[in-house]
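Participant: Taking the hints into account, I'd like the entire structure generated from these sequences.
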Amino acid sequence: MDRIQFYEIIYSIVKEIPVGYVMTYGQIAYLAGEPQYARMVGWAMFHAPKEWYLPCHRVVNSQGRLVPGWQEQKALLEKEGVTLKANGCVNMKLHQWQPADHE
DNA sequence: AGATTGACCAGAT
DNA sequence: TATCTGGCCAATC
Numbered sequence: 001m002d003r004i005q006f007y008e009i010i011y012s013i014v015k016e017i018p019v020g021y022v023m024t025y026g027q028i029a030y031l032a033g034e035p036q037y038a039r040m041v042g043w044a045m046f047h048a049p050k051e052w053y054l055p056c057h058r059v060v061n062s063q064g065r066l067v068p069g070w071q072e073q074k075a076l077l078e079k080e081g082v083t084l085k086a087n088g089c090v091n092m093k094l095h096q097w098q099p100a101d102h103e
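If you're matching positions, the first sequence starts at 1 in the working numbering and goes up one per residue.
Rather than coming from a laboratory, the hints here were simulated on the basis of the structure.
Fair warning: there could be bad hints in the mix.
Derived EDC-like pairs (lysine to aspartate or glutamate); straight-line CA-CA distance at most 20 Å [what the hints assert, rightly or not]: (1) K50 - E16; (2) K15 - E51; (3) K93 - E78; (4) K93 - E80; (5) K79 - E34; (6) K50 - E72; (7) K15 - E78; (8) K85 - E72; (9) K15 - E80; (10) K93 - E16; (11) K15 - E34.
Facilitator: Below, the structure is given as structure tokens:
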């Protein structure tokens, strides 16, 4: 798979994340077909053109931690209805979006 | 062209 | 449970 295609899939998945839900980099990479590309997901998010309007604030790491150096993300998630723990991490069990939920 | 870093993850200690 | 290490790919120095 071309890296470009991989990015395209990543962006597609991220754009499909509904309000009030979040996903992990690893999960996105997995859905994109390359579970090992978690780092590329994060890299792609940071370098994603704003014209894509990606809800990258709904993307967190496997621990539910928010993006380092981006305190605004916390406020954004709270405004979307995402409940954050006292330590500032997302309640993954409550907000981790699962595409195959109705499986 | 080689080495280092990065919005990560999983396993090991 | 918390911290460290190795590995992954791409971009930058």
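Participant: All hints are to be evaluated individually against the structure, with a verdict given for each.
Facilitator: Against the structure, the hints come out as follows:
1. K50 - E16: Distance ~16 Å between K50 and E16 Cα, so the pair holds.
2. K15 - E51: holds (12 Å)
3. K93 - E78: holds (16 Å)
4. K93 - E80: holds (16 Å)
5. K79 - E34: violated (32 Å)
6. K50 - E72: holds (16 Å)
7. K15 - E78: holds (19 Å)
8. K85 - E72: At roughly 16 Å apart (the allowed maximum being 20 Å), E72 and K85 satisfy the hint.
9. K15 - E80: Holds, at about 15 Å.
10. K93 - E16: holds (19 Å)
11. K15 - E34: Since the Cα atoms of K15 and E34 sit roughly 18 Å apart, the hinted pair holds (cutoff 20 Å).
In the structure shown, a violation is registered for the earlier hint numbered 5 alone.
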